[in-house]
Amino acid sequence: MPAAVRRGWAWLVRNWRDRPLWMLIPAGVAVFVIVIVPVCLTIWLSLLNVNVSTLREWLGAPFYGIRNFVNAFTQPSVLGVTLGRSILISVMFSVLTTVLITPFGILAAFSVHRRFRFCGVARAIYLIPYVIPTFVTALIARVVFLNGTGLVDQTLKFLHLTNGNTYWLIGGNAYWAMQLVELWATWPFIYLVTLAGLQSIPKEHYEAAALDGASKPQRLRYIVFPGITNVLLLGMLLSTLFHFGNFTLAFVMFSSPPPPSVEVLPIAAYYNAFDFFDFGVAAAIAVVTMVILIIPGYIYLRMTRLAGRVN
Amino acid sequence: MRALRPPRPAGNPAVTTGAPSRTLEVDDRPGPPGPDGHAAAPGRRRGRGRQHSVQAEAEQLMSPWLAKLVVAVIVLIVLVPVGYMLALSFTPNQDVALGTVSFATLTLENYVHMWSDAPLASGLVNTLIIAGGAALASVAVGLLAAYPLTRFSFRGRRGYLYTLIGVQTVPATTLLLPLFAVFSWIQTTISLHLIGTYWPIIITYMTFGVPLSTWVLVLYLRSVPRDMEEAALVDGCSPLKALWRVVVPVALPAIVVAFVFTFLVGWNDVLFASVLTNQSTGTLAIAIERFASTANGDSLPIYGELMAAAVVSSLPVVVLYLCFQRYLVHGLAAGSATG
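Quick note, the sequences are listed as chains L and U, same order. Residue numbering for the first sequence follows the numbering used here, starting at 547 and increasing by one per position. Residue numbering for the second sequence follows the numbering used here, starting at 6 and increasing by one per position.
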């Protein structure tokens with residue numbers, strides 16, 4: 547549409563000085579080229595038969611329709627897990643993590659809300675699990691859960707709970723080991739969010755409640771929880787989204803390939819693509835992941851209200 | 006189609022010194038002004054003793070003893086694995102393999118040998134180049150976009166902002182597959198060697214860096230008054246020059262925060278780097294990940310050295326985060342707490 551282009555160009559020149567909207571172009575182009583185009587390509591890839599022999603010229607790969615999706619759901623992957631099972635593992639992993647860390651994070655925020663000696667030290671220590679890179683957390687976990695000689699097995703043996711050979715890093719136990727590590731690593735996020743919510747409650751509200759003789763449970767019920775609900779809900783949503791995309795933990799914590807019980811969606815897509823070179827099935831898994839995340843992603847967008855508030 | 010009003014009245018000290026809007030921070034100061042905008046009353050200081058105790062009592066959410074117990078338990082839960090990592094990093098490899106960790110055999114040898122056993126030094130350099138380059142590019146692009154987004158109202162602004170937030174929820178594998186396919190397609194069709202060089206990985210990290218830094222800068226610039234840059238514009242500065250000479254110095258704290266957070270995305274990533282880098286361009290995370298996979302099932306377990314490498318690669322990050330901890334939930338709190 548040359549007319550539209552010409553009009554656009556005239557608009558740009560007119561606005562160059564007074565309203566430099568051209569400054570939006572680099573970020574817009576970047577987001578378009580490295581996010582929006584790839585998302586469309588993934589959808590296209592998921593409809594093609596792109597395997598090890600057609601990868602080089604994937605643009606000319608035969609059209610496959612929905613067969614990649616059918617295959618992903620009906621046939622076990624390289625790691626021996628179907629897509630349905632991967633979805634189940636991922637959903638359980640992320641939802642369970644959020645559900646379990648939320649009360650813990652709230653408790654942690656309450657414990658340092660009122661300042662005391664070494665409060666700053668405690669707050670800094672609280673942040674450590676969250677700020678350690680995930681690959682380092684996974685490495686620690688790998689050693690802590692070593693069979694027989696790791697910290698966990700040695701402790702369990704010391705307490706006479708097991709004989710010391712629990713095999714945390716293979717089989718079904720692997721999921722629970724990974725779940726525990728994720729809990730350890732991510733609760734500070736809920737803590738931070740709750741603390742931010744607590745600090746946005748005006749002091750006057752507490753004082754008014756104290757003057758009215760409100761009891762502690764009443765204060766929690768009518769002042770604290772209403773004050774943190776919004777930010778906490780957003781935090782829980784965001785945390786669920788994060789857990790859903792956690793590739794690094796499962797990838798680094800276990801020897802390659804990871805046991806089937808930890809085959810979350812990113813791991814499934816990765817091994818299908820880069821171990822088995824079946825990009826079609828991998829793209830199908832990625833598309834399914836995206837579809838699952840559309841609803842929480844939409845709620846997240848609605849909740850942030852960033853755009854509305856700038857106006 | 007009119008310019009936005011300055012978001013905050015001039016003369017607020019927090020604004021003119023360039024500190025970000027206080028409601029966005031998680032800081033140690035008790036009680037920033039609430040959403041209704043009431044700052045703490047000036048007369049509060051007088052009669053502090055009594056006032057203070059009443060206030061402290063009112064704000065107390067747990068009995069002091071319970072709070073201390075909770076703090077002790079949490080600190081223990083956090084520090085045991087971290088302490089275990091530190092202890093193992095000073096223990097000879099053989100002892101770790103046998104499960105005998107004692108303070109009698111502490112040694113620094115892991116910290117010496119790991120540099121030759123794994124390409125950690127080159128990994129560190131690669132991480133600095135890749136994560137630093139991506140962060141620099143992201144902040145530059147983000148600043149350019151954040152400026153008009155906070156200064157002008159125009160059609161599509163809301164959509165632009167929503168897109169920026171929305172793309173952050175796109176799963177990483179959805180981006181990795183096509184980016185890899187495109188890079189390898191470029192490689193075969195015009196025989197331009199890409200995968201294994203710095204460029205693809207830097208561009209890939211910008212997928213996270215551009216939205217992140219734009220968002221951080223939008224939140225910050227919203228609270229910066231536009232008087233100074235308007236003066237510069239009236240004096241005949243081009244918008245770009247005004248941005249560079251006036252806005253950049255004022256927004257420096259936010260620019261640093263955006264840079265640090267984007268940098269840490271690159272520092273922590275394993276997924277993209279494991280596919281888009283090779284032996285010579287592998288980042289620190291990848292060097293350690295490959296080191297770890299040789300530790301498994303090998304005749305010589307090197308867990309002691311592995312933990313030493315883990316300590317070295319997490320120390321800078323922990324320090325950076327603790328320095329910037331008040332900005333950790335920057336956008337999050339701003340987006341919802343008062344929304």
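Honestly, the hints are just simulated from the structure, not real lab data. It is possible that part of the hints are untrue.
Stated by the list, open to error - Below are the DSS-like pairs computed for lysine-lysine, each with C-alpha atoms no more than 25 Å apart in a straight line:
no., chain 1, residue 1, chain 2, residue 2
1, L, Lys749, L, Lys762
2, U, Lys246, L, Lys749
3, U, Lys73, L, Lys762
Task: 25 Å limit on alpha-carbon distance, applied to hinted pair Lys73(U) and Lys762(L) - done: OK: Lys73(U) and Lys762(L) at ~18 Å, within 25 Å.
TODO: Would you check the hint for Lys749(L) and Lys762(L), treating anything up to 25 Å between C-alpha atoms as holding?
DONE: With a Cα-Cα distance of about 15 Å, the restraint between Lys749(L) and Lys762(L) holds, given a limit of 25 Å.
Task: Satisfaction of hint between Lys749(L) and Lys246(U), Cα-Cα up to 25 Å - done: The hint is violated at about 43 Å.
In this structure, the one hint that does not hold is number 2.
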